[in-house]
Amino acid sequence: MADDALFEFLHMEIVALVYKEQATREDIDKERVTCVSTLEAMGFRVGQGLIERFTKDCPTFKDDLDLMKFLCKDFWSTIFKKQIDNLRTNHQGTYVLQDNTFALLTQFSSGKQYLEEAPKYLAFSCGLIRGALSNLGLESVVTAEVSLMPSCKFQVVIQKL
Amino acid sequence: LNGELKFHYTVHTSLDVVEEKISGVGKALADQRELYLGLLYPTEDYKVYGYVTNSKVKFVIVVDSSNTSLRDNEIRSMFRKLHNSFTDVMCNPFYNPGDPIQSKAFDSIVSTMMVQAC
Numbered sequence: 001m002a003d004d005a006l007f008e009f010l011h012m013e014i015v016a017l018v019y020k021e022q023a024t025r026e027d028i029d030k031e032r033v034t035c036v037s038t039l040e041a042m043g044f045r046v047g048q049g050l051i052e053r054f055t056k057d058c059p060t061f062k063d064d065l066d067l068m069k070f071l072c073k074d075f076w077s078t079i080f081k082k083q084i085d086n087l088r089t090n091h092q093g094t095y096v097l098q099d100n101t102f103a104l105l106t107q108f109s110s111g112k113q114y115l116e117e118a119p120k121y122l123a124f125s126c127g128l129i130r131g132a133l134s135n136l137g138l139e140s141v142v143t144a145e146v147s148l149m150p151s152c153k154f155q156v157v158i159q160k161l
Numbered sequence: 001l002n003g004e005l006k007f008h009y010t011v012h013t014s015l016d017v018v019e020e021k022i023s024g025v026g027k028a029l030a031d032q033r034e035l036y037l038g039l040l041y042p043t044e045d046y047k048v049y050g051y052v053t054n055s056k057v058k059f060v061i062v063v064d065s066s067n068t069s070l071r072d073n074e075i076r077s078m079f080r081k082l083h084n085s086f087t088d089v090m091c092n093p094f095y096n097p098g099d100p101i102q103s104k105a106f107d108s109i110v111s112t113m114m115v116q117a118c
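Chains P and R are the protein sequences, given in the same order.
Everything in the first sequence is counted per our numbering, starting at 1 for the first residue and increasing by one.
Everything in the second sequence is counted per our numbering, starting at 1 for the first residue and increasing by one.
These aren't lab readings, by the way, just hints derived from the structure by calculation.
Computed from a prediction, not measured in an experiment: that's the story for all the values here.
Among the hints, a few may not be true.
To be verified - Using 27 angstroms as the maximum straight-line C-alpha spacing, the simulated DSS-like pairs for lysine-lysine come out as follows:
| no. | chain 1 | residue 1 | chain 2 | residue 2 |
| --- | --- | --- | --- | --- |
| 1 | P | 62 | R | 21 |
| 2 | R | 81 | P | 62 |
| 3 | P | 56 | R | 81 |
| 4 | P | 56 | R | 58 |
| 5 | R | 47 | R | 6 |
| 6 | P | 69 | R | 58 |
| 7 | P | 160 | R | 58 |
| 8 | P | 153 | P | 82 |
| 9 | P | 56 | R | 56 |
| 10 | P | 56 | R | 47 |
Looking at chain R on its own, in the form it has when it is part of the complex:
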């Protein structure tokens, strides 16, 4: 239970970094308009990666610092999968935008991804 709170806290603080990155986009070059934000900030235990969709939905992935085998393009493809599943959730008529996601399909995709990354 303690572990979960720590993750929530890490994700919350990373949101500030995400905001900082996306508010800088307008002044930056057109090339930097990617959805993938890259490594947000490293803590001593974790590495935090961010991704923002055009609909301002933010995805945050937290990985163990000791996991050095995960490369940048693997993280990118994880975010693509997340974005794709999220789009499917959005198009589900039983989902009300803004509600917590209850889709089992979404859950299983996320769990499979997490298992593969470890």
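Bound conformation, chain P alone:
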């Protein structure tokens, strides 16, 4: 029952802690950038470990799209208890994952209040996606945008070498 809330609360505390630590240092300008990178890096490592566990029992993926679908369905539902609501792609390496009720944002508001704080709480999840893809052999850049909570979009751009 309280299982879902456990991670959400922990995540809130992680974000609060990272920002509090940064505030005690001098460079206020760089504050946002380093905090977001720290959170993203955490998500990255967690994503790597999680994807190893989740893909243990499934067959190899046919192609990138198959991989992204797995991310949207199985990966997302195991972590956030629901699937991604919408996946769009330009078939050239860019994917947009839309979650209309993102688990980590539902407690904020159902509109525009606290909008400027939202990016802090999306950094970890961006890293999660990037880490999962990286361990599957795809290097990517993941960004998130929010215009109306709790809906958000994750944009994944696969880096072709």
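With chain P's structure known, arrange chain R on it following the hints.
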């Protein structure tokens, strides 16, 4: 010491065969998307088996040719055990992906498996 080098060499050459097998997957039927690759190639002394995870980690098992008692599903279960232990290593916070594995738990699982196979 000589023996160890020979094993390293065998494993290195088998990597080419693994690459060949996994690059052919995209064109093959959906049924062939198994992680277990089977017998890679037989040499006069050894049989080499391969397995690739979704995270592109390759496991290679080299067995003595004279060991005919090891059946295919025993090899498969060895690979499953390896994959499971590797997943545990991956989830260990003290392990940095890409580093050589130093986990004692992993070592003991591998050693036990090798002893059982002989």
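A quick look at each hint next to the structure:
For a cut-off of 27 angstroms, the pair hint linking residue 62 of chain P to residue 21 of chain R stands: about 14 angstroms separates their Cα positions. Among the hinted pairs, residue 81 of chain R with residue 62 of chain P is consistent with the structure: their alpha-carbon atoms are about 25 angstroms apart, no more than 27 angstroms. A hinted pair counts as satisfied when its Cα atoms are at most 27 angstroms apart, and residue 56 of chain P with residue 81 of chain R qualifies at roughly 11 angstroms. With a CA separation close to 13 angstroms, the supplied pair residue 56 of chain P and residue 58 of chain R stays within the 27 angstroms bound.
Taken as a hint, the residue 47 of chain R and residue 6 of chain R pair is honoured in the structure, with Cα atoms around 13 angstroms apart against an allowance of 27 angstroms. Between the alpha carbons of residue 69 of chain P and residue 58 of chain R the distance comes to roughly 24 angstroms, so the proposed pair stays at or under 27 angstroms and holds. Restraint check for residue 160 of chain P and residue 58 of chain R: the C-alpha separation of about 22 angstroms stays at or below 27 angstroms, so the hint holds. Distance restraint check for residue 153 of chain P and residue 82 of chain P: the Cα-Cα separation of roughly 15 angstroms lies within the 27 angstroms cut-off, and the hinted pair is therefore satisfied.
A hinted pair counts as satisfied when its Cα atoms are at most 27 angstroms apart, and residue 56 of chain P with residue 56 of chain R qualifies at roughly 12 angstroms. The suggested pairing of residue 56 of chain P with residue 47 of chain R holds, with an alpha-carbon distance near 25 angstroms, which does not exceed 27 angstroms.
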